[in-house]
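Engineer: Given the coordinates of chain A, work out where chain B should sit on it, guided by the hints.
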Amino acid sequence: MNLKVHDRFEETFTVSDHIYEGFISMFRDKNPLHTDERFAIEQGFNGRVMHGNILNGFLSYFIGECLPVKNVIIHTQSIQFKNPIYLNNKVFFEGVVTNIFESVNAIEFKFSFKNEQLKEVAKGKIQIGLLI
Amino acid sequence: MEFNEILERVQDVFRDVLENEDIVLTSQTTANDVEDWDSLNHIQLVVAIEKDFKIRFTSHEIQSWKNVGKMVDCIVKKKA
Chain A
980 MNLKVHDRFE ETFTVSDHIY EGFISMFRDK NPLHTDERFA IEQGFNGRVM
1030 HGNILNGFLS YFIGECLPVK NVIIHTQSIQ FKNPIYLNNK VFFEGVVTNI
1080 FESVNAIEFK FSFKNEQLKE VAKGKIQIGL LI
Chain B
11 MEFNEILERV QDVFRDVLEN EDIVLTSQTT ANDVEDWDSL NHIQLVVAIE
61 KDFKIRFTSH EIQSWKNVGK MVDCIVKKKA
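Protein sequence lines, in the order shown, are assigned to chains A and B.
Per the numbering used here, the first sequence starts with residue 980, numbered consecutively.
Per the numbering used here, the second sequence starts with residue 11, numbered consecutively.
Here chain B stands alone, though its shape is the one from the complex:
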């Protein structure tokens, strides 16, 4: 799967979990840019992404994400 395809799917997950159809993600997006992306919702986002893509992250991987782009990079590697 390609980066942009995954980014779009991650965006759908964000919209679903955070119940906000207006969310637009880019590579540079961080938690500070998305309303309601707090620590509890972060858990729900990770769980939903792991389910949606049928992958599992490690806590080390999650801690290394500086923005959505890094998250998507991680998914790209797992789906390669």
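Excised from the complex, chain A in its bound form:
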């Protein structure tokens, strides 16, 4: 196994127009919090709040493309959303290996996403399996 506990990975993502429009186009979540600037501001936000599940797309990219192994599958994941993200925000991702279960070829990570002010926007855990 190429990974060990405390291994750390970092990525930077941008919630671009392309991603935002693509998400809405694919999943059709046009809730006004995400699409109506005025509505979102009335709810106390600074503008349209990006869909939290866009971050799950970044997580998928991390697991599928950024690890030193490609024979991976996601077993479980959990995420808590802490703060809003807005269009064109950069988010800084950090994933750390917290547990390795060699008996069943499973690896657990904790992860967080921070905004440009280094405020946590989401955090969680993800467990992957290595396919043999």
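Don't read these hints as lab results, they were simulated from the structure.
Just so you know, not all the hints are guaranteed correct.
[Stated by the list, open to error] DSBU-like, lysine-lysine: derived pairs with alpha carbons at most 35 Å apart:
| id | chain 1 | residue 1 | chain 2 | residue 2 |
| --- | --- | --- | --- | --- |
| 1 | A | Lys-1049 | B | Lys-61 |
| 2 | B | Lys-87 | A | Lys-1089 |
| 3 | A | Lys-1089 | B | Lys-80 |
| 4 | B | Lys-61 | A | Lys-1089 |
| 5 | A | Lys-1104 | B | Lys-89 |
| 6 | B | Lys-88 | A | Lys-1089 |
| 7 | A | Lys-983 | B | Lys-89 |
Structural biologist: Just chain B, lined up with the frame of chain A:
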């Protein structure tokens, strides 16, 4: 830790992971006896047991388990 004490704790883990409070484990219980104990849930059960008991199994140990009793025997040895 004694066999029955561990069996009870393993049962709690099974109930939690498989979200079924009706699960009752005995030494003779196998995957065929427990609804939803499939290969993917087996991974989650092993992970949860390793975390709960703060132990690590080997793949060889896991493959040698023929029933819950053998699993508990293995935990007993590690906790001795």
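Engineer: For each hint, tell me whether it holds in the structure or not.
Structural biologist: Structure-based check of each hint:
{"no.": "1", "hint": "A:Lys-1049 - B:Lys-61", "verdict": "holds, 26 Å"}
{"no.": "2", "hint": "B:Lys-87 - A:Lys-1089", "verdict": "holds, 31 Å"}
{"no.": "3", "hint": "A:Lys-1089 - B:Lys-80", "verdict": "holds, 32 Å"}
{"no.": "4", "hint": "B:Lys-61 - A:Lys-1089", "verdict": "holds, 15 Å"}
{"no.": "5", "hint": "A:Lys-1104 - B:Lys-89", "verdict": "holds, 28 Å"}
{"no.": "6", "hint": "B:Lys-88 - A:Lys-1089", "verdict": "holds, 27 Å"}
{"no.": "7", "hint": "A:Lys-983 - B:Lys-89", "verdict": "holds, 24 Å"}
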